[in-house]
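Participant: Got chain A sorted already, so can you dock chain B onto it with the hints?
These protein sequences, in sequence, are chains A and B. Using the working numbering, you'd call the opening residue of the first sequence number 7 and step up by one each time. Using the working numbering, you'd call the opening residue of the second sequence number 7 and step up by one each time.
Rather than coming from a laboratory, the hints here were simulated on the basis of the structure. Take every hint as true, because none was put in to throw you off.
So the derived label-pair ranges between C-beta atoms look like this:
1. B:D169 with A:T18: 42 to 52 Å
2. A:R108 with B:R271: 40 to 50 Å
3. B:E139 with A:R25: 32 to 42 Å
4. B:K275 with A:T267: 49 to 59 Å
5. A:A175 with B:G118: 21 to 31 Å
Every residue, glycine too, gets a C-beta built ideally from N, C-alpha and C.
There are 2 protein chains.
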Amino acid sequence: MTQTSPSARALTFPFELVRPELEKVEAAILDQAKAFDPSVEGYVAYVCKSSGKRIRPALAILSGGATGGVNEEHRRLSVILEMVHIASLVHDDIMDGADIRRGLPTASAKWGNSLSVLLGDSLFAYALELATEFEDRNICRSIAKASRDVCCGEIFQTQRRFDLNLSVADYMRMIEMKTAALFSAATQLGAMLNGRSPEVCDAMRDYGMKLGTAYQIYDDCLDLVGDEKMVGKTLGTDLVKGKLTLPILYLLQSATDAQKTKLSRMLLKGEPMDTTVLAGIADYVGSIERAVQTAKQLLVEADEDLVGLEETPHLEAMRQITGYLHNLLDKCRAVA
Amino acid sequence: MTQTSPSARALTFPFELVRPELEKVEAAILDQAKAFDPSVEGYVAYVCKSSGKRIRPALAILSGGATGGVNEEHRRLSVILEMVHIASLVHDDIMDGADIRRGLPTASAKWGNSLSVLLGDSLFAYALELATEFEDRNICRSIAKASRDVCCGEIFQTQRRFDLNLSVADYMRMIEMKTAALFSAATQLGAMLNGRSPEVCDAMRDYGMKLGTAYQIYDDCLDLVGDEKMVGKTLGTDLVKGKLTLPILYLLQSATDAQKTKLSRMLLKGEPMDTTVLAGIADYVGSIERAVQTAKQLLVEADEDLVGLEETPHLEAMRQITGYLHNLLDKCRAVA
Chain A
7 MTQTSPSARA
17 LTFPFELVRP
27 ELEKVEAAIL
37 DQAKAFDPSV
47 EGYVAYVCKS
57 SGKRIRPALA
67 ILSGGATGGV
77 NEEHRRLSVI
87 LEMVHIASLV
97 HDDIMDGADI
107 RRGLPTASAK
117 WGNSLSVLLG
127 DSLFAYALEL
137 ATEFEDRNIC
147 RSIAKASRDV
157 CCGEIFQTQR
167 RFDLNLSVAD
177 YMRMIEMKTA
187 ALFSAATQLG
197 AMLNGRSPEV
207 CDAMRDYGMK
217 LGTAYQIYDD
227 CLDLVGDEKM
237 VGKTLGTDLV
247 KGKLTLPILY
257 LLQSATDAQK
267 TKLSRMLLKG
277 EPMDTTVLAG
287 IADYVGSIER
297 AVQTAKQLLV
307 EADEDLVGLE
317 ETPHLEAMRQ
327 ITGYLHNLLD
337 KCRAVA
Chain B
7 MTQTSPSARA
17 LTFPFELVRP
27 ELEKVEAAIL
37 DQAKAFDPSV
47 EGYVAYVCKS
57 SGKRIRPALA
67 ILSGGATGGV
77 NEEHRRLSVI
87 LEMVHIASLV
97 HDDIMDGADI
107 RRGLPTASAK
117 WGNSLSVLLG
127 DSLFAYALEL
137 ATEFEDRNIC
147 RSIAKASRDV
157 CCGEIFQTQR
167 RFDLNLSVAD
177 YMRMIEMKTA
187 ALFSAATQLG
197 AMLNGRSPEV
207 CDAMRDYGMK
217 LGTAYQIYDD
227 CLDLVGDEKM
237 VGKTLGTDLV
247 KGKLTLPILY
257 LLQSATDAQK
267 TKLSRMLLKG
277 EPMDTTVLAG
287 IADYVGSIER
297 AVQTAKQLLV
307 EADEDLVGLE
317 ETPHLEAMRQ
327 ITGYLHNLLD
337 KCRAVA
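Isolated chain A, as found in the complex (with noise of 0.2 Å):
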C-alpha cells in the first residue's frame, strides 16, 4: 500500500454511502448554470465544475439518512449550500490574488477581478433564490444567516491579519462563522427537514459546528506543516497574508517576552518570512501538537453530540467522518 499525505486523502472523504445519492446532487449543482441568462451560463458552469470536495453536501445528505430518510428537499439543501460555498470561494480568489484553485484557474485569473465580484454575487442570490423554495421559512433564513456568518467571519479575518493580540477566543469565533457555520447549517437543517426536534437539531448543528471548527483548524495546521507536491496547492501562505493561525497563537502563548519580540519580527515581516523555520520551532515547543489536540477535543465532544441518536449506517458514517479527521491530525503531527 502506498503512503499519501494528509491532504492527498483529504481528497477522499468516507462519503462513499451517500456517493449515489452525492451524484445526484452533482448532476443538480451542474444544472444551476441553465437557470442563468445565456451570456452568464459559461461562468456559471465552469465555477460549479471546478471546485470542491462536496463536504457540505455529503453533511446535508448525511444528516438526512440520520433522522429519518433523504429526501428531494436534503438535494435542494445540498445544492444551494454548496453554491453559497462556491460564490464565497469565487470572492476569496479574489481577495487572496490567487491564480490556481485545483489545477484550474480561478475566474479571477480567467475573467479578471470585475467579473468575478459578480459572478460571486450572482452565484449567492442564486442560491438564496433556491432556498425561498422551502415550506418552512425558517430554512431558508438559516441558510441566509450562515452566509452571512461566511462574509462576516472573512471581515473579522482580514481585519485581524498581522495582529499579535488576536485572541485563541477571537480565532474560535471566527473559525466558527467563517467555515463551520456552513458546516452546521448542513447538519442543523438536514434534520429540521426530517421534522425533528429542537433537541435533535440542535445536537446535529453542534455536531457539524465542531466538525468544521476541526476542520478549518487541520487546514490550518496543513498549511503550516503540509508537503505542498502532495497537497496539491501553495501552502505556507497564512503567514505571509498575516493571517494568525492556532498554532502560531499557541506558539505566542506560550513564548517569553524575548521569543515574543523574535516572533513578532518574524511574523510583521521585519525578518524574511521563513516558514520551515517558524514550522520548526512551533512543532519544537509542542504548539503544534496542541492544536492538533484541541481539534481532536472537538472530534471527540462532536461524536458525542451523536449519542442518543437511533444507530444507522448514515450515523455510523457521520462517526467515520471524525475518525477520518482525527488521522488527518495524526498525520499532521507525524509530518511536524
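Facilitator: For chain B alone, kept in the frame of chain A given last:
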C-alpha cells in the same frame, strides 16, 4: 428663482408625500448595522449612511400607498431593497476603482477591495435574511431574483464593454436588469403586500420597469452631456470604461461606414478620447434627442400603466415622478 442643473435637481425627487414614511425607513436602514457583529457594525453603518437618494424605498412606499395603504411590511421591503442597492454600490465602486461617492470616500478607498467585497456580500446576505420575514415566500423569492438580475445585468455590461456590435435591444435588456429590476420589485411587491390582484401587481411592476429604464437612460445621457460641477460627480466615465450607452448606440446606428470608422477609433481609444467632441457630434446629429425621446416615451407608457387604479395622493405622486423625470430629460436636451 435660481437655475439648477438637471442632476442637482435629481437629488430632490418629489417624494414630499411620503417624507414621514421615508424618515422611518431611513432610521430603520441606519439601525440595521446593529444586527451585525461589533467588528463589522462600523463598516455597515458607514455605507448605509453615505449613500443614496432612496428612490427604491420611496417607490415601495408609494406603491403601498397607491394600492391600499402603507404598513410595516412596506417599510421592511423598502429597507431590504435599499440594502441590496447599497451592497451593489459597494461592489460597483470596487470595479470602477471609484474613490468618492456623494462627496465621501468609498468603502474600497477607505478599507481596500478585500474588505469591500466581503462587506457587500454581508449586506446582501443580511438583506435576504430580512426578506425571509415576509409571510409570503414569493416576496422573498422575487427580491432574490431581482438581486440576481442586478448582478447579471452588470455582468452583461462588463462583458460587452467596447463591443461596438452591442444592439439597442441588448442595451435595453441590460439596463432593465441592472437598474430597473429593483425599481419594478419595489412597485410590484408594494402591491403584492396589499394582496392586490395579479393585474394590479403587473401594472405596478410595468410602471417600475419603465420608470427604472427611463431613469437609467437619463443617467447615461447625463454622463455624456451633464455639467460636472452641478452633478457633483465625474462625468464622461462611461465612455472611458467602454460602456456604450443609448445616445452612442443611436449615433453608431446613424453613421455611414466612413463615420463608423471615425467613431470606432474614438470609442476604442485608437485616438485620445474626447468626450466633449463625441457629445457634440451626438447632439448635432440628433442621437441625444433620440435617446431622450426613447426615455420620454417609456415615461408616457409608465403613466399609462397606472390608468384604472383608484385615484389616491400616492398614485398622483407616482405620476409626479414621471413628470419630474420628463423635466430632467428636457433639461438634458437643453444642456446638449
